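Engineer: Read off the chains here:
There are 2 protein chains.
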Amino acid sequence: MGSQGYRVAILGATGAVGTELLELLAERKFPLSELRLLASSRSAGQTLAFQGDNLTIQAVGHDSFAGIDLVLASAGGSISQNWLPVAVQAGAVCVDNSSAFRMAPDVPLVVPEVNPADLDHHQGIIANPNCTTILMTVALWPLHQVQPIQRIIAATYQSASGAGARAMAEVKAQAQAILNNKTPPTESFPYPLAFNLFLHNTPINAQGYCQEEMKMVNETRKIFHAPGLRISATCVRVPVLRAHSEALNLEFEQPFPVTQARELIAQAPGVKLVENWENNYFPMPIDATGQDDVLVGRIRQDISHPNGLELWLCGDQIRKGAALNAVQIAEALIERGLVKTP
Amino acid sequence: MGSQGYRVAILGATGAVGTELLELLAERKFPLSELRLLASSRSAGQTLAFQGDNLTIQAVGHDSFAGIDLVLASAGGSISQNWLPVAVQAGAVCVDNSSAFRMAPDVPLVVPEVNPADLDHHQGIIANPNCTTILMTVALWPLHQVQPIQRIIAATYQSASGAGARAMAEVKAQAQAILNNKTPPTESFPYPLAFNLFLHNTPINAQGYCQEEMKMVNETRKIFHAPGLRISATCVRVPVLRAHSEALNLEFEQPFPVTQARELIAQAPGVKLVENWENNYFPMPIDATGQDDVLVGRIRQDISHPNGLELWLCGDQIRKGAALNAVQIAEALIERGLVKTP
Numbered sequence: 001m002g003s004q005g006y007r008v009a010i011l012g013a014t015g016a017v018g019t020e021l022l023e024l025l026a027e028r029k030f031p032l033s034e035l036r037l038l039a040s041s042r043s044a045g046q047t048l049a050f051q052g053d054n055l056t057i058q059a060v061g062h063d064s065f066a067g068i069d070l071v072l073a074s075a076g077g078s079i080s081q082n083w084l085p086v087a088v089q090a091g092a093v094c095v096d097n098s099s100a101f102r103m104a105p106d107v108p109l110v111v112p113e114v115n116p117a118d119l120d121h122h123q124g125i126i127a128n129p130n131c132t133t134i135l136m137t138v139a140l141w142p143l144h145q146v147q148p149i150q151r152i153i154a155a156t157y158q159s160a161s162g163a164g165a166r167a168m169a170e171v172k173a174q175a176q177a178i179l180n181n182k183t184p185p186t187e188s189f190p191y192p193l194a195f196n197l198f199l200h201n202t203p204i205n206a207q208g209y210c211q212e213e214m215k216m217v218n219e220t221r222k223i224f225h226a227p228g229l230r231i232s233a234t235c236v237r238v239p240v241l242r243a244h245s246e247a248l249n250l251e252f253e254q255p256f257p258v259t260q261a262r263e264l265i266a267q268a269p270g271v272k273l274v275e276n277w278e279n280n281y282f283p284m285p286i287d288a289t290g291q292d293d294v295l296v297g298r299i300r301q302d303i304s305h306p307n308g309l310e311l312w313l314c315g316d317q318i319r320k321g322a323a324l325n326a327v328q329i330a331e332a333l334i335e336r337g338l339v340k341t342p
Numbered sequence: 001m002g003s004q005g006y007r008v009a010i011l012g013a014t015g016a017v018g019t020e021l022l023e024l025l026a027e028r029k030f031p032l033s034e035l036r037l038l039a040s041s042r043s044a045g046q047t048l049a050f051q052g053d054n055l056t057i058q059a060v061g062h063d064s065f066a067g068i069d070l071v072l073a074s075a076g077g078s079i080s081q082n083w084l085p086v087a088v089q090a091g092a093v094c095v096d097n098s099s100a101f102r103m104a105p106d107v108p109l110v111v112p113e114v115n116p117a118d119l120d121h122h123q124g125i126i127a128n129p130n131c132t133t134i135l136m137t138v139a140l141w142p143l144h145q146v147q148p149i150q151r152i153i154a155a156t157y158q159s160a161s162g163a164g165a166r167a168m169a170e171v172k173a174q175a176q177a178i179l180n181n182k183t184p185p186t187e188s189f190p191y192p193l194a195f196n197l198f199l200h201n202t203p204i205n206a207q208g209y210c211q212e213e214m215k216m217v218n219e220t221r222k223i224f225h226a227p228g229l230r231i232s233a234t235c236v237r238v239p240v241l242r243a244h245s246e247a248l249n250l251e252f253e254q255p256f257p258v259t260q261a262r263e264l265i266a267q268a269p270g271v272k273l274v275e276n277w278e279n280n281y282f283p284m285p286i287d288a289t290g291q292d293d294v295l296v297g298r299i300r301q302d303i304s305h306p307n308g309l310e311l312w313l314c315g316d317q318i319r320k321g322a323a324l325n326a327v328q329i330a331e332a333l334i335e336r337g338l339v340k341t342p
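So the protein lines, in turn, are chains W and G.
The first sequence lines up with residues 1 to 342 when you count with our numbering.
The second sequence lines up with residues 1 to 342 when you count with our numbering.
For the record, the hints were derived by calculation from the structure and aren't laboratory data.
Mixed in with the good hints, there may be bad ones.
Said to hold, decoys possible - Quick list of simulated restraints, FRET-style, between CB atoms:
(1) G/254 - W/227: 22 to 28 Å
(2) G/148 - W/337: 56 to 62 Å
(3) W/206 - G/82: 43 to 49 Å
(4) G/179 - W/227: 44 to 50 Å
All figures in this text were calculated on a predicted structure; none of them were measured in a lab.
Cβ coordinates follow ideal geometry from the N, Cα and C atoms, glycine included.
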């Protein structure tokens, strides 16, 4: 840590996203003069390694944000709701990974490759979108800019990591139990996920859509500034560890040439075209794991609609789907002069 | 086996579908006076248990079909192409599980709950549709009869069993290897499937659709007698053992009331409505495994289209997706007097 960097606090450093935040700050040489790890009193006193130091986790409290320039929060909605206003009051800018503030009109919801200018109007809190939304918007933005998308029908294949580090361990434990002909443990999930799958088990609204699906709908509209964009989604949890996949059917007002779509995706930041048609090789979760880019492929003209395109993507849920996007937001805030200079 | 039953041959009795055929013939008390097991010379001499007897597998040859009334074939396309014409010549009616004859104009492609009358025009061979098609057509037929479906956008979650018994064992072996931090074996599949997934690795056509996807398109049109039905599909292999799932987006000419769709599904043969909205419980592969019915649920108005419905299904790939449908075709043939009486 240098003397010229920013004073950063991570709220919720022990989770899957929190530990990835630490890795990314180091990997991306984020300009830090202080790194303060905050968590509930349950985790306080634990230490986490960071660039050769052992940092001690402090219980979050009313004095925790004194002198902090930037907060990266990844501790869940209610903790963000309790503490981020305190951090803002103390003068910090907060990037929040929870869903608590995402749809608040005065809170920018940002994917840096898509809508970085929304950061300029922040009131202290910037929301990091839901993982499925981030992956989808990064992939579709290059197309949407050329010809606005009219309708999206999404089916997701979501990994265990979206439910946290314990859920990832649980899927492995379940697989081992099933291989041993034993009853798989279920704590994080309501049903066994290993060798199984189920519709995303978030609360369902009156229209029959679950919260996760409505996040894709509402967040994408907000990020694209496209309130009329028609979206339907079916969100499914699958026994994969940490990369999400999405099958996306897109409808435009006019035909969208496939070759143009491929070129746009190949050139866009944050996405990587992965299409080896001869070898039938397209994006897979194991290849997206640990990668910054969202892998996109199998782009094809929808044979059921003249103005349709089908495409497939895989992206690391913990990286671009959460921690990386949050760090990129922090970097964009600095680049745009929106965090007070140290 | 009674003296009054039919003389049945199973071609390809040792595979995942073949062994399920044997179980179903016993379970459903299929009227048999003889059961002849045929396979390649590689499997000849092996025995399989059937209702207390040990039946010896015979190598298929030109005399194999003498005296046989009904052939259930599940040995792959080229074997069916070689031997079913021989069986027909010998006077047998053949139900073929391969894709070899499915799109031939003079071959009925039948899901007994949907188009049993197509059997009446058979020329000796009846094709059993592809697993994903069977599951989809059984579920959608009750709706399609009330108001013709205009367009289907499907995303599948296909189990390992579709690639055979060895593939199922391979997924387990892969999972064990990964849990032990070892390199997973890949023989049946080009990539590891355990804790991963990939687009269905069948050959891709000039439009970018794989064979499995085009089966859903072309077979559904044939079964529904709806050559103009617009269908697009994305077929994905997931690390599940033996039940397929499908996320289906449907478009009608007029709005289709959700309550009516639910009632129709609840009453239709071959499907079972599984919707516990309060407990967020919907069809899952582990619940569909071993069941005859295709489980359908999460039926909802598509919020992106006034005439759209979304639904979700799971069905046992080896049962209704293959062996059960074949046995049901055989039963329907008998019921309709289309197999010569013993």
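Engineer: All the hints need checking, so say for each whether the structure fits it.
Structural biologist: Results of checking the hints against the structure:
1. G/254 - W/227: 22 to 28 Å: holds, 27 Å
2. G/148 - W/337: 56 to 62 Å: Given a distance of about 59 Å, which is inside 56 to 62 Å, the answer is holds.
3. W/206 - G/82: 43 to 49 Å: violated, 57 Å
4. G/179 - W/227: 44 to 50 Å: holds, 46 Å
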